[in-house]
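Novice: Can you make the complete structure from the sequences, with help from the hints?
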Amino acid sequence: MTHVVTDNCRGCRYTDCVASCPVACFHANEVRVYIDPELCIDCSACIPACPVHAIVEEFDLPEDQQHWIGINAEAAGRYPVIRAKLPPLDGADDRRQALGY
Amino acid sequence: MSIGSAAAPLRIAIVGSGPSGFYAAEALLDSTLAVEVDMLERLPVPFGLVRHGVAPDHAKLKSVTGLFDGIARRDGFRFFGHVAMGRDVTAAQLQSMYHAVIVATGADGDRALGIPGEQLDGVHAAADFVGWYNGRPECAGLRFDLDQDVAAVIGQGNVAIDVCRLLATPVAALRSTDIASHALDALAASRVREIHLVGRRGPAQAKFTPKELRELGTLPGWQVIVDPADLELNEASRAEAADPASTFVAKNLQVLRGFAAQPRSAARAIHLRFQQAPVAVHGEGRVRALTLQRQWLEGPAGSQRAVPTRQEDRLEAGLVFRSVGYRGTGLPGLPFDAVRGVIPNAGGRVTDDGGTLLPGWYATGWIKRGPTGIIGTNRQDSVETVQRLVEDLPLLEAPRVGRAALQAALAGRGHRVISFDDWLLIEKAERSNGQRAGKVAEKFVDVACMLDAAQAARVEAAPC
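Residue numbers (our numbering), protein chains in the order written: chain A, 506 to 606; chain B, 3 to 466.
Rather than coming from a laboratory, the hints here were simulated on the basis of the structure. Remember, it's a predicted structure, so these values are computed and weren't measured experimentally. Even glycine gets a Cβ: it sits at the ideal position worked out from N, Cα and C. Please note: incorrect hints may appear among the correct ones.
To give an idea of the interface, some chain A residues facing chain B are shown, with a C-beta separation under 10 Å as derived from the structure [unchecked claim]:
| no. | residue |
| --- | --- |
| 1 | Cys526 |
| 2 | Val528 |
| 3 | Ile546 |
| 4 | Cys551 |
| 5 | Pro553 |
| 6 | Cys555 |
| 7 | His558 |
| 8 | Asp565 |
| 9 | Trp573 |
| 10 | Tyr584 |
| 11 | Pro585 |
| 12 | Arg588 |
| 13 | Ala589 |
| 14 | Gly605 |
Specialist: Following this line, the structure appears as structure tokens:
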């Protein structure tokens, strides 16, 4: 089991999750973040931290979202780890509103 | 010469080696300053509640220690195990040795229920039970009478759930973990077949996480029983459940509805009882029953309070665990807020009772904010405290000797210090002792044994 970052993160990248992660398992590119499943200890601290509810426990991942498990695992290896909160992307608040949060 | 340069490193002592202490060390080592961080731990073994609090069947959560190992290996960091402030070195001494001291001692006391009969045998602090099954030295000698059919756990957080789960987990599933052997033997003979988890507030206010709650439903031979009537929410609770900011509430309710919908099948049961609070413990010498008083929720969404009604129920139970919160304890030489159980502070800067800053003193983790949040919460908390400390740098300019002064003071008393390498030897011995019994590790539960293990391994490891 692990936790995964789903599509809501794209275009927001608030990164509040990063500050709450006890093991620095978040990796980021220009548009979003990913969780390294090898490092994640399943503590769930990041779930309530995300303003757009992008992070989900694998257990709660709907059938049509299962591909995010592989995407997170693969992308975590490709992008650098981030250890501190970054400023949100331009337009993050608009996207947040559009997502209903 | 400015403080924090290579020629004049910032010298910091951190008291306590749990998550908040390690995250404070990490934040200091991540800063652009040259730092010397000395971490004091009263036991010979590090990691605080990750070692002695996190349940043995949550191995993945415990693997956070891998990160702490990495911090301990960084340049500038030194572990002083078996060194307690107030026992081996005074607060005043530390203050004279270091530019600043960060107190990260956590909350090792427990909150009492404050009801008649609480002192009866068979009524325990959940924290003691947790310490007992995790081999915490202060708790290893405790006895719990598991020759009882019914146990009650008072509380609505993850610790309460841990206690329920450990009482209900088949010992076969615990045998390979690092659970203390004395606990494994006692649990193997347990007769407990009914557990009541009793909480003052409703299902929308409970503090446990969906993950822990769901896990209760996976225990073979046991069933979680929820009264569907308890899931009928008042208007304010419905608003709380619908609030997007309270991520876990809706999920918890979903899990609870799943429990409530299941027909009774398993012989053993965990009853989740909401809006009930114990008002008396009954028994002669030892507990036999509790009086539970029904509660009514009142107030606006987000700040509802449980208020008592006149309706009371009797719950027969031969074993009671209270899990209504950990509580910090005061440290000699430092101010303490006895009401909140924390060191008074402003964003991590320690203050006296009147709010005046105590220069050079900082707090982080549970002793700073009270016993809330999970492991990761401490990272943000310690980052904040270290930010305040770094802002205060101009006020911390006095010359300080740091590590060499501490070492000299301890050596002068002939005190046995456990280094991080010593700890790794202790850990190795625990793993190899565990392997013999097919366990991940068999923890030493006695300080003298920990010290002996380090000594024995040190001799063995020395080149002849």
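Novice: Which of the numbered hints are not met once you compare them with the structure shown?
Specialist: 9, 10 and 11
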